[in-house]
Amino acid sequence: MWTWFYKLASPPYVYGVAAALMPWFLGFAAIAIGYGLIGGLVFAPPDYQQGDAFRIIYVHVPSAWMSEFVYTTMAVAGAIALIWRIKVGFAVAGASAPIGASFTLLALVTGSMWGKPMWGTYWAWDPRLTSELILLFLYVGVMSLRSAFEDPARGDRAAALLAIVGAVNIPIIHYSVVWWNSLHQAATVAKLGKPSIEGSMLWPLLSMFVGFMLFHGAVLCLRLQGEVLNRERQSAWVREAINS
Amino acid sequence: MATAPDGLAVEQVHVWRGDRHVLQGVSIDVHPRELVHISGPNGSGKTTLLRVISGLLRPEQGSVRWQGQSIVRSRTQYQAALAYAAHEPALKGDLTALENMRFAVGLKRRTSASELQAALDRTGAGGCADLPARVLSAGQRRRVSLARVLAMRASVWLLDEPYANLDAAGSAVVSQMLQDHVRDGGLALVVAHRDLSLDCAVRRLELKP
Amino acid sequence: MATAPDGLAVEQVHVWRGDRHVLQGVSIDVHPRELVHISGPNGSGKTTLLRVISGLLRPEQGSVRWQGQSIVRSRTQYQAALAYAAHEPALKGDLTALENMRFAVGLKRRTSASELQAALDRTGAGGCADLPARVLSAGQRRRVSLARVLAMRASVWLLDEPYANLDAAGSAVVSQMLQDHVRDGGLALVVAHRDLSLDCAVRRLELKP
Amino acid sequence: MSVGAWEAFFLVILREMRLSFRRPEQLLQPLVFFLIVTTLFPLGLNLQLSLLRDMAPGVLWVAALLSSLLSLDSLFKGDADDGTLEQLTLSGQSLTVIVAAKTVAHWLVTGIALVVVSPVVGTALGIPTSAFATMMLSLALGTLTLSWLGAIGAGLTIGVRRGNVLLSLIVLPLAMPLLIFGAGATDRAMSGTSVAGALYFLAALCVFTCTLAPFAATAALRITVE
Amino acid sequence: MSVGAWEAFFLVILREMRLSFRRPEQLLQPLVFFLIVTTLFPLGLNLQLSLLRDMAPGVLWVAALLSSLLSLDSLFKGDADDGTLEQLTLSGQSLTVIVAAKTVAHWLVTGIALVVVSPVVGTALGIPTSAFATMMLSLALGTLTLSWLGAIGAGLTIGVRRGNVLLSLIVLPLAMPLLIFGAGATDRAMSGTSVAGALYFLAALCVFTCTLAPFAATAALRITVE
Ligand code: HEM
Ligand SMILES: Nc1ncnc2c1ncn2[C@@H]1O[C@H](COP(=O)(O)OP(=O)(O)OP(=O)(O)O)[C@@H](O)[C@H]1O
Ligand SMILES: Nc1ncnc2c1ncn2[C@@H]1O[C@H](COP(=O)(O)OP(=O)(O)OP(=O)(O)O)[C@@H](O)[C@H]1O
Ligand SMILES: [Mg+2]
Ligand SMILES: [Mg+2]
Numbered sequence: 013m014w015t016w017f018y019k020l021a022s023p024p025y026v027y028g029v030a031a032a033l034m035p036w037f038l039g040f041a042a043i044a045i046g047y048g049l050i051g052g053l054v055f056a057p058p059d060y061q062q063g064d065a066f067r068i069i070y071v072h073v074p075s076a077w078m079s080e081f082v083y084t085t086m087a088v089a090g091a092i093a094l095i096w097r098i099k100v101g102f103a104v105a106g107a108s109a110p111i112g113a114s115f116t117l118l119a120l121v122t123g124s125m126w127g128k129p130m131w132g133t134y135w136a137w138d139p140r141l142t143s144e145l146i147l148l149f150l151y152v153g154v155m156s157l158r159s160a161f162e163d164p165a166r167g168d169r170a171a172a173l174l175a176i177v178g179a180v181n182i183p184i185i186h187y188s189v190v191w192w193n194s195l196h197q198a199a200t201v202a203k204l205g206k207p208s209i210e211g212s213m214l215w216p217l218l219s220m221f222v223g224f225m226l227f228h229g230a231v232l233c234l235r236l237q238g239e240v241l242n243r244e245r246q247s248a249w250v251r252e253a254i255n256s
Numbered sequence: 034m035a036t037a038p039d040g041l042a043v044e045q046v047h048v049w050r051g052d053r054h055v056l057q058g059v060s061i062d063v064h065p066r067e068l069v070h071i072s073g074p075n076g077s078g079k080t081t082l083l084r085v086i087s088g089l090l091r092p093e094q095g096s097v098r099w100q101g102q103s104i105v106r107s108r109t110q111y112q113a114a115l116a117y118a119a120h121e122p123a124l125k126g127d128l129t130a131l132e133n134m135r136f137a138v139g140l141k142r143r144t145s146a147s148e149l150q151a152a153l154d155r156t157g158a159g160g161c162a163d164l165p166a167r168v169l170s171a172g173q174r175r176r177v178s179l180a181r182v183l184a185m186r187a188s189v190w191l192l193d194e195p196y197a198n199l200d201a202a203g204s205a206v207v208s209q210m211l212q213d214h215v216r217d218g219g220l221a222l223v224v225a226h227r228d229l230s231l232d233c234a235v236r237r238l239e240l241k242p
Numbered sequence: 034m035a036t037a038p039d040g041l042a043v044e045q046v047h048v049w050r051g052d053r054h055v056l057q058g059v060s061i062d063v064h065p066r067e068l069v070h071i072s073g074p075n076g077s078g079k080t081t082l083l084r085v086i087s088g089l090l091r092p093e094q095g096s097v098r099w100q101g102q103s104i105v106r107s108r109t110q111y112q113a114a115l116a117y118a119a120h121e122p123a124l125k126g127d128l129t130a131l132e133n134m135r136f137a138v139g140l141k142r143r144t145s146a147s148e149l150q151a152a153l154d155r156t157g158a159g160g161c162a163d164l165p166a167r168v169l170s171a172g173q174r175r176r177v178s179l180a181r182v183l184a185m186r187a188s189v190w191l192l193d194e195p196y197a198n199l200d201a202a203g204s205a206v207v208s209q210m211l212q213d214h215v216r217d218g219g220l221a222l223v224v225a226h227r228d229l230s231l232d233c234a235v236r237r238l239e240l241k242p
Numbered sequence: 106m107s108v109g110a111w112e113a114f115f116l117v118i119l120r121e122m123r124l125s126f127r128r129p130e131q132l133l134q135p136l137v138f139f140l141i142v143t144t145l146f147p148l149g150l151n152l153q154l155s156l157l158r159d160m161a162p163g164v165l166w167v168a169a170l171l172s173s174l175l176s177l178d179s180l181f182k183g184d185a186d187d188g189t190l191e192q193l194t195l196s197g198q199s200l201t202v203i204v205a206a207k208t209v210a211h212w213l214v215t216g217i218a219l220v221v222v223s224p225v226v227g228t229a230l231g232i233p234t235s236a237f238a239t240m241m242l243s244l245a246l247g248t249l250t251l252s253w254l255g256a257i258g259a260g261l262t263i264g265v266r267r268g269n270v271l272l273s274l275i276v277l278p279l280a281m282p283l284l285i286f287g288a289g290a291t292d293r294a295m296s297g298t299s300v301a302g303a304l305y306f307l308a309a310l311c312v313f314t315c316t317l318a319p320f321a322a323t324a325a326l327r328i329t330v331e
Numbered sequence: 106m107s108v109g110a111w112e113a114f115f116l117v118i119l120r121e122m123r124l125s126f127r128r129p130e131q132l133l134q135p136l137v138f139f140l141i142v143t144t145l146f147p148l149g150l151n152l153q154l155s156l157l158r159d160m161a162p163g164v165l166w167v168a169a170l171l172s173s174l175l176s177l178d179s180l181f182k183g184d185a186d187d188g189t190l191e192q193l194t195l196s197g198q199s200l201t202v203i204v205a206a207k208t209v210a211h212w213l214v215t216g217i218a219l220v221v222v223s224p225v226v227g228t229a230l231g232i233p234t235s236a237f238a239t240m241m242l243s244l245a246l247g248t249l250t251l252s253w254l255g256a257i258g259a260g261l262t263i264g265v266r267r268g269n270v271l272l273s274l275i276v277l278p279l280a281m282p283l284l285i286f287g288a289g290a291t292d293r294a295m296s297g298t299s300v301a302g303a304l305y306f307l308a309a310l311c312v313f314t315c316t317l318a319p320f321a322a323t324a325a326l327r328i329t330v331e
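Chains as they are written, first to last, in our numbering: chain A, 13 to 256; chain B, 34 to 242; chain C, 34 to 242; chain D, 106 to 331; chain E, 106 to 331.
Derived from the structure by calculation, the hints contain no laboratory data.
Note that the structure is predicted; figures quoted are calculated from it, not measured.
From the three backbone atoms N, C-alpha and C, an ideal C-beta is built for every residue, glycine too.
One or more of the hints may lead you astray.
What the hints assert, rightly or not - Taking beta-carbon pairs under 8 Å as the criterion, some of the chain C residues facing chain E (in silico):
# : residue
1 : G139
2 : K141
3 : A146
4 : R155
The whole structure should be built from the sequences, with the hints applied where relevant.
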């Protein structure tokens, strides 16, 4: 019953799928991000309080969401790899970590750029901000643990385990605004029911988010190809793929 | 494929370390009352093989079976019946020789201090029983680690160069230990660079570099 | 009292460890072109004696002189002329064999990578030059530590069980090394549990337990 | 004559205790570290007492985290270096039992001691006596949780050079919720507001970790030992 | 063909650097530890921002001390465990030269890195840009002094189990004046008063330790190596 699952997860198959999907992801990402940028930077009205400074929201919020999303992907891929001994899972987890760390860094940087006009300081020790910083530490921990091992197989497994253990912190980061009164914006978009944001601001934001997702998909495919090739460099199909 | 339901069966074990293919399909069946002398030049993979057989290292290919069952499945039962003495004597420097024995052997079977002391006496390390392992000489440590093997009363012995660092008297003790173990129905795999001149049948497994 | 102005003189060395009087007045004169085989049962103080002679350990009584001078006085000159290989091979696991050699030998004399590689080749560890020491087998490590002794070009060799962990080929290399060293005017003190069958005069120092 | 899991558990605890008490001065070290970090603070700050009182719970908790963490680094390292960890792995006992015993022993030696001296430090930092019960209870729960998190981290970093730094990099982010709720509880106790919420959360976290961490730590060890 | 003292000094520095750079990600670790410890405090303090600014110099200095300390523990320990320290002792070079090289290499790898990232941490803690020069200079002097003090402590604690805790016991009291004057200098720079006094004192302390500590550390090593 599981054979189809294992076949789907076999390295050559994954390599082929990733190679085929990559351009599609990239193309749609360009469209979605294009619409989001134009809609957000040109057509959306300036905020009545913040003026044009609020426009950084179009990068900040999607990258903040992505930072959590990618971590979850990484932990899930790691769990699959550890439990069912599917090597491709390690490749996905390994490919995800630097992407997620980059999104986290982007969210931190855009957030603090936004913080200067809003709160008058680049950094405040607010729970949301601190927990995002902790997320960055988690990513750094996973990446350095992976590279701390001489034997890549062990590094993979150790990093996957750490990613799973660290996943406990994701809900804490997400609900930090709810649990502690904080400077930071409470949930405005991702609220059930009616979002408390105007349509002409909302749609470009959602589009940016979709675009970021697709872009992440594209980068993941690209990195995944590299990871798979590197891991399977001894095997026959890689030699063929390279020679052809 | 004839497995050995009452012994140890190593089947087509392959291990790569870094870029080296260290174990290239090693197979051997060992039955009770058998002793296998593993030899081969330095770096040929003897230690690696013992670690695979003990279950410390999982081979990339191949399997090890104990009484017909894969040792991955029946790990705890198998390891309860196993005594492994590595290159290093594995003693805690801050504990005395006797305490070291007590905590290592105590996890396998209930023992008494007098039984442990008897094992130490047998390997000639009785005088060191109450010294912290830190101050023991290389040969004394080796003797303590051999006494630990004795006291475990295991049926499978994996010994990595048990003769190293021992003086003539010590070497004689090791040979005697091995003979008695095999005669009492145990099986043993012994890595040694010198010839074992034992009073029992010795099979040889030679690893190529 | 006849000192040996061109060699090593150990005079009435006494060492207590804990309650044990380990070295009970050991004396020996060693001249260039001489090799001393130190033997004795496990725990009789062979390693302790080598550590005293190297200057790592100060004896409670007695002294060690090199070219007529107490080694406490002329410590740096003496130690520059000394190569000591202990029980453990003393390699940094994160550095490759060659790097290990480079940093250890480099403090004694200027060398080149090719010279170090030649020493490694001589002891049969040439193939491990670029592997981190952590992954080497016990015998390979011993070979690297012997290559280090070779490359130091010291006139005094103190070797603690150089034959341990080595295969037959390795043992032959050690014997050859020792003969060449003595022939070239060096002196050596070697701890070994087996007989040294060398093509040069071997004096024996037997320590009592 | 085979040895049951509980017997093995207590034997390993006994072993760890024996090792700790063999060097009694070392038992004191995490404590003294704790004392020193808490005194360093006021020194570095040269500020008024009222300010000091406000930051007391934070300082207390940070010091407790760090001192417990520093000693965690050697949880498996010593055994791995001298080869006894291999012997424990091959003992035929479940590795989880052994890991659990080592972790509990670590907490018995360092965690409890911290809890016991915390009133002294608390007094020095100006924490009122009325808050001591909350402070000690929260520290007890917190250090136990931390020992478990640390066991995972220590298992993952065996054999890594300078593992202690990597260990803190791995464990401290995981320990942040502990710190927030632990210091929060003490803070609330000082201001007389209700502490139940924070304590429940700490207790829940502790139970959660105690149930799952043994398996995670075992898995970590298995990955790094082979 | 014998090797001069300077040559030996640079060879040992090269060796230490090689060892550090063999795992480049580990170079970052003391830094990350520094960042994490500075993050811990605000978390533990329940986030009163005004408070934070007042204690910023203290937090910064305590974090720097701890992170430098943590990596000091392995200064001689690794070499002692694998027997290479014996080989270094027998190299025929003055042990003082070797100790000095190891200590300087330690500072080059950890101290300088701390100084370089301190502005980032400083900004996060609300230290104004005008105080950065003082902060960095004082940290540079402080970490160098600390490396030397740490070398003495590390020499004394070789061969002792759980050395790192003992190490902090030995070093931290010695480091108290550093902390008081270092944090004091930054504090004064923040409030705009004269910093010369504190900096002179730090510089004097640094020169004093750099002259005497090599001999003290060598003596400490000799005592424990036998
Ligand atoms: C360094 C500073 C900042 C960091 C690290 C940061 C971090 C984050 C994170 C992690 C999220 C996603 C939360 C989630 O839903 O899980 C987020 C969302 C958001 N951030 Fe920030 N932020 C920062 C500064 C700011 C500033 C200055 C503003 C504007 C006042 C802002 C406005 C928002 C908004 C509107 C959202 C969407 C909230 C929602 O609908 O859930 N952020 N930020
Ligand atoms: N990462 C690696 N890269 C390359 N080679 C490796 C790696 N790890 C281990 N090896 C090699 O694998 C072999 C391991 O051998 P092992 O320790 O089993 O030898 P052995 O037969 O026990 O030798 P000895 O008699 O010296 O104890 C060695 O040749 C070692 O150099
Ligand atoms: N603190 C101590 N208390 C009692 N005995 C001690 C103490 N320290 C060392 N010893 C004893 O001193 C002796 C040291 O011997 P050493 O290591 O020199 O032996 P060796 O001749 O090298 O033996 P081997 O052949 O086993 O290497 C050992 O017998 C040891 O038990
Ligand atoms: Mg071997
Ligand atoms: Mg010896």
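*Looking at the structure, which of the earlier hints fail to hold?*
3, 4
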